[in-house]
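Novice: From first to last, the protein sequence lines stand for chains A and B. Residue 3 is where the first sequence starts when you use this note's numbering, and the numbers rise one by one after that. Residue 3 is where the second sequence starts when you use this note's numbering, and the numbers rise one by one after that.
Keep in mind the hints are simulated off the structure, nothing from the lab. Heads up, none of these hints are tricks.
As the list makes no split between identical chains, a pair holds if one copy fits it or if it spans any two.
Listed below are the simulated DSSO-like cross-link pairs for lysine-lysine, each with C-alpha atoms no more than 30 Å apart in a straight line:
| hint | residue 1 | residue 2 |
| --- | --- | --- |
| 1 | 204 | 336 |
| 2 | 62 | 336 |
| 3 | 393 | 271 |
2 protein chains.
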Amino acid sequence: MKTWLNVPSDSDFSIYNLPFGIFDTGDGQPRAGMAIGDHIVDLVAAAEHGLFGKKRFYKKLFAQPVLNEFIALGKPTTNRIRRRVQTWLCLPDTPEHASQILADRRSARMHLPVRIGDYTDFYSSIEHATNVGKMFRPDNPLLPNWRWIPVGYHGRSSSIVVDGTPIRRPHGQILPPGQDTPVFSASRRMDFELEMAFIVGKETALGETIPVEKAEEYIFGLVLFNDWSARDIQRWEYVPLGPFLGKNFGSSISPWIVTLEALKPFRVKGPKQNPAPLDYLRTTGSRNYDIELEVGLSPQNSNETVICHSNMRYLYWSMAQQLAHHTVNGCNIKVGDMMASGTISGPTKDSFGSMLELSWSGQQPIQLQDGSTRTFIQDGDTITMRGWAQKGDVRVGFGQVGGTVLG
Amino acid sequence: MKTWLNVPSDSDFSIYNLPFGIFDTGDGQPRAGMAIGDHIVDLVAAAEHGLFGKKRFYKKLFAQPVLNEFIALGKPTTNRIRRRVQTWLCLPDTPEHASQILADRRSARMHLPVRIGDYTDFYSSIEHATNVGKMFRPDNPLLPNWRWIPVGYHGRSSSIVVDGTPIRRPHGQILPPGQDTPVFSASRRMDFELEMAFIVGKETALGETIPVEKAEEYIFGLVLFNDWSARDIQRWEYVPLGPFLGKNFGSSISPWIVTLEALKPFRVKGPKQNPAPLDYLRTTGSRNYDIELEVGLSPQNSNETVICHSNMRYLYWSMAQQLAHHTVNGCNIKVGDMMASGTISGPTKDSFGSMLELSWSGQQPIQLQDGSTRTFIQDGDTITMRGWAQKGDVRVGFGQVGGTVLG
Chain A
3 MKTWLNVPSD
13 SDFSIYNLPF
23 GIFDTGDGQP
33 RAGMAIGDHI
43 VDLVAAAEHG
53 LFGKKRFYKK
63 LFAQPVLNEF
73 IALGKPTTNR
83 IRRRVQTWLC
93 LPDTPEHASQ
103 ILADRRSARM
113 HLPVRIGDYT
123 DFYSSIEHAT
133 NVGKMFRPDN
143 PLLPNWRWIP
153 VGYHGRSSSI
163 VVDGTPIRRP
173 HGQILPPGQD
183 TPVFSASRRM
193 DFELEMAFIV
203 GKETALGETI
213 PVEKAEEYIF
223 GLVLFNDWSA
233 RDIQRWEYVP
243 LGPFLGKNFG
253 SSISPWIVTL
263 EALKPFRVKG
273 PKQNPAPLDY
283 LRTTGSRNYD
293 IELEVGLSPQ
303 NSNETVICHS
313 NMRYLYWSMA
323 QQLAHHTVNG
333 CNIKVGDMMA
343 SGTISGPTKD
353 SFGSMLELSW
363 SGQQPIQLQD
373 GSTRTFIQDG
383 DTITMRGWAQ
393 KGDVRVGFGQ
403 VGGTVLG
Chain B
3 MKTWLNVPSD
13 SDFSIYNLPF
23 GIFDTGDGQP
33 RAGMAIGDHI
43 VDLVAAAEHG
53 LFGKKRFYKK
63 LFAQPVLNEF
73 IALGKPTTNR
83 IRRRVQTWLC
93 LPDTPEHASQ
103 ILADRRSARM
113 HLPVRIGDYT
123 DFYSSIEHAT
133 NVGKMFRPDN
143 PLLPNWRWIP
153 VGYHGRSSSI
163 VVDGTPIRRP
173 HGQILPPGQD
183 TPVFSASRRM
193 DFELEMAFIV
203 GKETALGETI
213 PVEKAEEYIF
223 GLVLFNDWSA
233 RDIQRWEYVP
243 LGPFLGKNFG
253 SSISPWIVTL
263 EALKPFRVKG
273 PKQNPAPLDY
283 LRTTGSRNYD
293 IELEVGLSPQ
303 NSNETVICHS
313 NMRYLYWSMA
323 QQLAHHTVNG
333 CNIKVGDMMA
343 SGTISGPTKD
353 SFGSMLELSW
363 SGQQPIQLQD
373 GSTRTFIQDG
383 DTITMRGWAQ
393 KGDVRVGFGQ
403 VGGTVLG
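The task is simple: from the sequences and hints, build the whole structure.
Specialist: Written out as structure tokens, the structure is:
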């Protein structure tokens, strides 16, 4: 495929990608767009120029500040819109009105792409679960249920923010080592978690279940996800009902939703599952995705050091299995719900997806390029996550999710 | 106060109450109303007849299928509307248009009163936490953090339903006693949890905290809450990240939101807290509420047996403390968020708020009036919760939340 637009060859937003997002150009009018190279296809303008037919309908749809209604139309429609824009971008010559339909991506402001209903966080990397288990429960690292259940829990959707939003270091209760009375303090163990999240594209009714083989029909697309964590708050609060204030002060996502269709060429088999899962979780074929991931840490006024290289393919439990499990009891899902993978760690030390693991609970400081070291995140540090899939010339990427920690 | 309407003296919906809800009268037009005796004040009709001024504004506001926008106007407005209706109901004579403004409550269909954003479930009864702890962790019933933290976790908002909605018994993974391989099965330990929930009336920004002394300004009102639970699914899945599929197949609420203002006469001191909470949780005055609670179980085609009498005043942690804790890390809240108390058990066996506690994990069957017994809920059983506060002639009640378990 070849477009008349000038798209840098290393762009995440190639003609094969065309992810959806919500942007504005400083006019305070958030609207739907699709990223292509350094540009955005303004879908309101595209509708206005008749690209999709039914002008009024599509103009109104894309002029909304979230994509929920568009996504709810279902894959036949959302895929048709994506293919239509692809065709338009591949016309033999620059089409009339191109300049009215394209916006400058570099100067646009991005918003949360959907109104998130419920947010669920899974725990699907066996390397991460084992690493954390070794630190929190040395005698019992991987709990007996882990290889049977795609373990997950409910998180807070109100505090999910988009790339670039600063995150304030949380205060809370912390139990100092060796003491039995907690103190109130700013977190001293501020961390990131490298995750991917999918956005639900099709709703179910209460009582309905989703068969694992059909689960991907319910997934619209993916974003990068940083599940900011305050390890000391988490450690004191998490028994017996799970993480709460150690997590819900903020989570960050990348602004462009990469569709499952764009990621199709990058499907791979996941790790062998042993024991074999129960029937309702049993899948065939390639259900994982080969998506390279990296995390950079930039101290205030200093250059970035990439501190983690990982890959989404490492996940033990696939998104299809997560969704089949989530609904096997009849729990209903809604368009715009977000489900994150849990920290994606790989087998090697440089692939661990959190500071907790990289510094092994603070015992092994990480060396940065400017000569400084880190065990956990310091005030002023910026964490930036990137993700991309590539096969020959075909590159489909996520851009980035970044956030600076403020004291 | 005396109204020209005939309100039964034992009605939960006295002239002192006037709770808000969303109803329809079979016309498929859900709209806002206030309960009074066996009637509903139709707020759209009341606005139409000029009761509140600004006719168009209030008609449009109350014609919505949820109360979020109304609640977001803030207590000065919502209290003014409530007082205005109270005054109208206490006019010396039946006012003109009364019959157009009143609807029959007994034949109305009730809806969820708000669009729920995030839902949080606390664990604030020391009797419940101790009882459950004894069964799940005999060596360690009340965990060390419990007396320091109003422990809570995030739940699923999509599956919260209104009074009268049947609940399907969930399937899921269960670990049979003495085995190490789970099976897939319908839950064999289906339970209720007697809770109260409050609805957030005022939003905060990410990073903002709510001082405990001001927390009640952020609470619009309360409903009864049944946190249906599948104990066997919960037990296998809950470590280390907390309950998930054992809870998220459904929760039920009563349809009428009783305002904090209506509950003011029933404020009481809570249990003494020992050790003294950290500063951000320290309160003075009466922060608990004296609300009688009961749970009835009706087998299919048989009469109800009341199996639990409890009271909201037993809660160790108050709503103000829950909300101060929830936001102390900067977590933001939104209008319509729902926060439940956790099971409200009292000190005596007949006040335990779940079958798990009443039957002591199935070891002590409960005797019903029809001669049958129960350890957990059977298919066809209906669970009904009721709540009311009373002082002399002043009664302020919640009506009920009921649900039948289907196989």
